[in-house]
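I would like the entire structure built from these sequences, with the hints used as guidance.
In the order they appear, the protein sequences are chains A and B. Everything in the first sequence is counted per numbering that gives the first Met the number 0, starting at 0 for the first residue and increasing by one. Everything in the second sequence is counted per numbering that gives the first Met the number 0, starting at 0 for the first residue and increasing by one.
Just so you know, the hints here were simulated from the structure itself, not pulled from any lab data. Certain hints may be false.
Said to hold, decoys possible - Now the stretches of chain B that chain A is said to cover, found in silico as 3 or more residues with beta-carbon under 8 Å:
1. 124 to 136
2. 165 to 174
To be verified - Quick list of simulated restraints, FRET-style, between CB atoms:
3. R151(A) <-> S245(B): 40 to 46 Å
4. E232(B) <-> R42(A): 39 to 45 Å
5. E31(B) <-> T5(A): 44 to 50 Å
6. R122(A) <-> S245(B): 48 to 54 Å
Quick reminder that beta carbons are idealized off the backbone N, C-alpha and C, glycines included.
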Amino acid sequence: MPAEATLALGLIESRHLDALLAQGRPSLDVCARILGWPAGMPRGEAVIGRIHLGSEFCETLIPAAPQLRHARDLCEREGLGLAVAASTLSDHGISALSPLLDLLPTGAELVVNDWGSARLARRERPDLGLSAGRLLCKMIKDPRLPSEEWGRLYPHGINSGSFAAVLEHLGIGRIEMDAPPFARPADFRAGSLRVGVHAGAGFSVKGRACRTGSLGQAPEDKFTSGQSCRRECLAYVDSLVRPAAGSDELHAFQRGNTLFYAHSPAMIAAVGEAVDEGWVDRLILMGDWNENRRSH
Amino acid sequence: MKIVAPISRVEEVEPLAKAGAAEIYCGLVPPEWTERFRSSGANRRAFGNLSSYDDLAAVIDLAGRHDVAVSLVMNAQHYGEAQTEALLDMAGRFARLGGRSLIVGDVGLLSRLGRAETGLRLHASSLLACRNGEAAGFLGDLGACRVVFPRDLTLAEMKAVAGANRPLEFEAFILNDGCVFEEGNCHTIHLPGRLGGPICLDRYDAEHRRVDGRPLRDDEAAGFAANDAAHAEWLWYRFSCGFSVSQDGYPFGPCGLCAIPDLAAAGVSAIKIAGREGNLERKVNSVAMVKAALDRLNDAAGLRRFARDLRGRPDLCETGFMCYYRETMPARVW
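Structure, rendered in structure tokens:
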């Protein structure tokens, strides 16, 4: 019998949670309707088992303590697993993350995307589950690759002993992966690590200087490190088209500081096979930070 | 502060040493690597590498005569198990040749090298995206004695990280080759130009949309148009002002010369010139620029005047878009 994967719903904002959980654990169809999912995101009656709150891509989007408490209480009520997702953090971001750790119940997870956050969490809250996020899961994910051979130039080291030893040293037992272009089921084997895969879209590259977040800045303050913003990424998304693209090139879009690519049917099938093989036990859905087009 | 400069050929060692480089770094892709792995992926760059151990030995010998230390880059974003083993072997050979340091971009490889007792110093590459004090401490735990800050840290952030990790050395970018995104969080390839080149140079057309499904208002559309125009201008500066140089051959583009006093005060002890793939003239002029600025370290105001006048185009400096550390701009010194 094929294995099954738990569905985790990634949310930047907690404000949709009340609507999502109004009738209990939401199905994929409910998520699609409330969050305005684009085509390509999964649909169906399968229900969400976990909530991942926060951003893997920008420390400006670290949840505020009231948001996390709200999510924590709702997850507890519905019996949902809970994780906080954090990006590559500056010391300022570490300072924002640190008090949130105290709000998480034992057994909750922290998705880390830099080694400092992992070190801090292991020291301060060893009772939390730690998951290495997809920024730490380095692999070639260029949506423009014309063939599979390009990805093999730099093979990933997710299943290498040296990488596993580093994660073990930090008490990290789980990793989150993207489906790379030309994905094969075996790409998701990660030794003794439990694996979650992001569904719908993968990320290719992120910046710190944010094009969208510069919208409200004076010209001299645009596109710079540590810039302030008005969280414009919560309101806008950019669909990207490359004039030189071939007809089968993966669709790309930008949300905030990050460039994503939509999964092809073949990539989705590869993830499905990896689930069936038992190599992937969790699918993480980009709930409110993809190419959403919510009705108004 | 030490000037850290790139080389790609043996012949570049002496002129760069004479120009003021205290350390040089290079990549190596020997034939056995290419034969075994069918790629040049021993480090981040497909080009601009030495191609033999003989050349590496010559580089180390020449550098030693000028009291210049040699670092070897092992800074691909990630390595598989077989590549890691091959790099451990390469590290041993580099050490026996008299090499000084390895610049390492993969955390697993760094961990292995940290336990390998090669006698080499380990520098955590900017690819490891060290942006906070805890991360620097962790890289030190793994064996790094120096951390190369990524391009996207502010001076205040560097100061805090360095201050919290005193036993570690810190290195920061000072000239050339700005990344649009974060190098350490880039999972793309610098494709050949015919396939689009680096993804940040490969111009995508963007259609801006509201996620609530409403059409953009006129003021929003105008805001995006102005932002897009500013972004295109910023990219031009980021890519070395159209990959141009001054009349004297000094490169335009990403530059942190004005910030040298702040970097020194922050605890940065080495400043890096990027661009292994550049030509020798560009490299020598780059080192000369940094050396001349560094000679004015004790006169911060004079150094800044010098840096802005150096290329004869202070108007380019005044946009702030060439700055690695824009907070050094006069109106915003804090």
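Comparing the hints with the structure gives:
1. 124 to 136: holds (count 10)
2. 165 to 174: violated (count 0)
3. R151(A) <-> S245(B): 40 to 46 Å: 42 Å, holds
4. E232(B) <-> R42(A): 39 to 45 Å: Roughly 42 Å apart at Cβ, these two residues keep to the hinted range, so it holds.
5. E31(B) <-> T5(A): 44 to 50 Å: Because 45 Å falls inside the window, the suggested range holds.
6. R122(A) <-> S245(B): 48 to 54 Å: The hinted range 48 to 54 Å holds for R122(A) and S245(B), with Cβ atoms some 50 Å apart.
Violated hint for the displayed structure: number 2, the only one.
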